[in-house]
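K.L.:
Here is what each chain is made of, one letter per residue.
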Amino acid sequence: MSFSPPLYGYDPRGVVVAEARKISPRLPNLHGLRLGVLDNAKMKAGRLLTYTAEILKAEFGFSEINTYVKRGFSFTAEPEMITRMAAANDLVITAIGD
Amino acid sequence: MQASQKATINNPEEDMSAFNGLDPQEWYFAQGYTDGLPVVTPTPEKVDAMIAALGGDSHFLEARVPPRWGNLTRRVLAINAVMAGCLPIYAPVLRTAMRAMCEPHFNLNAIQATTHVIAPLAIVNGPMRHEIGMNSGHGAFGPGNRANATIGRAIRLMLLNVGGALPGVLDKSTQGTPAKYSYCVAENEEDSPWAPYHVEKGYRIEDSTVFVIGAESNHNINSPLPNDPEGILDDVISSMTTVVHNNARASGHCTVALSPEHAQNIAREGWTRHDVRCYLQMYATNKFGEIVHNHKYGKAYNRHLPKYYRRDLDSDIPIVPSPDNIHLFVIGGTAGRFSSFIPGWGHYNSPVLRAVDGVAPNGGPICIDGTCYL
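Residue numbers (this note's numbering), protein chains in the order written: chain A, 4 to 101; chain B, 49 to 422.
Looking at chain A on its own, in the form it has when it is part of the complex:
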């Protein structure tokens, strides 16, 4: 192989192609809405989120509270679960809790 002194630095990072998305609009108020709770399956996430949902319910009187549990904290929620959450809830809270 012939050799020539390097003249340029190569960028080793690769292109990122992403689909830009907007954040959902803020809800005007939370009263009477359907609350989804996404438990990420960390050790104490369920406890933390249950307690948080109770506090929020006392203030906002949610019409429903629906709980979902991921199969593991290191996995993303399955698309099917996200679809179900989006259809059945007006807002979703999540948290980790170790």
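Treat the hints with care, as some may be off.
[Said to hold, decoys possible] So, partial list: chain B residues that the calculated Cβ filter (under 8 Å) puts toward chain A: (1) Phe67; (2) Gln73; (3) Phe77; (4) Tyr81; (5) Leu85; (6) Val88; (7) Trp117; (8) Gly118; (9) Asn119; (10) Asn209; (11) Val210; (12) Pro215; (13) Leu218; (14) Ser221; (15) Thr222; (16) Gln223.
Hints are computed from structural coordinates only; laboratory data are not their basis.
Glycine included, C-beta positions come from ideal geometry on N, C-alpha and C.
Since chain A is already given, all that's left is putting chain B on it; use the hints.
P.N.:
This is chain B only, laid out in the frame that chain A set:
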């Protein structure tokens, strides 16, 4: 959420910056493109040779690497491979490893970002080991062999540069590990008394494969005295049954690398690979009470273990749920009674085995070393 039009966020492949008088090494450090060590400076000749070894077509997309999700084109793969010090003949193994790690069930996205110490380990089987000069014998895990060292390093450079797993930024590993510099090895098929790992999994002996798994650094097993299967494997079990690695707390897959001496002692008694894996799975257990500190810090359920495990304090909790979750290799030199247990990352990672040239497994069982049951 509303989707807008697709947007390209930066286009670094076209960004070949002039050094402007800088020492090329210092330029690469200044850009943040290294693993902390100096890199081999890419030249057009070296990059082109690597692309040619990958089959040409420099813009061909081999994979997308999380969590940054950078496009791993052949050109980008080649640049990182050259920077790591790879020879073009290593390219097929390197590509296979990257493709395997980027399969969704490997869960590289989480491996790259976790606070845990996990690093992808690549183990090569088949004739390709010799064709590219890999070391599977003394000191196989390092240092000293160019193929082992630079393939492992190239993988890490791609995880850093393309995947964006910069320590403290997207890689949140609390302590990190030397295994994150380079972690690639080959099985010592020649000094193993059993069929190679990939043959056990249905490939032909003339096939070459790369196995990848999320792994801690190898934990040494010093077992000098026993010369029978139970004695040696009980020492392996001793290493497996600490309660503070992720298999103990979260099940999943693990790797056991027996030294040739240990493997030959075990095989002399007629034990197959399958026997070894079954023995380890059956007797490598902890009491549930040990895992949860006997509820000293409050009653604990442990959500990371399988739901079907009993959780009485005296319940036996296996390190992994099935013999198939123990990936058994023979690695190392012919002298020395030192083997390794290599914990995995719990059930969050599924190992992947892929053939270097993309061939499928044999399709039928090869009745060797207890694999007919497959």
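K.L.:
List in ascending order the numbers of the hints, as given earlier, that are violated by the structure.
P.N.:
2, 3, 5, 6, 12, 13, 14, 15, 16
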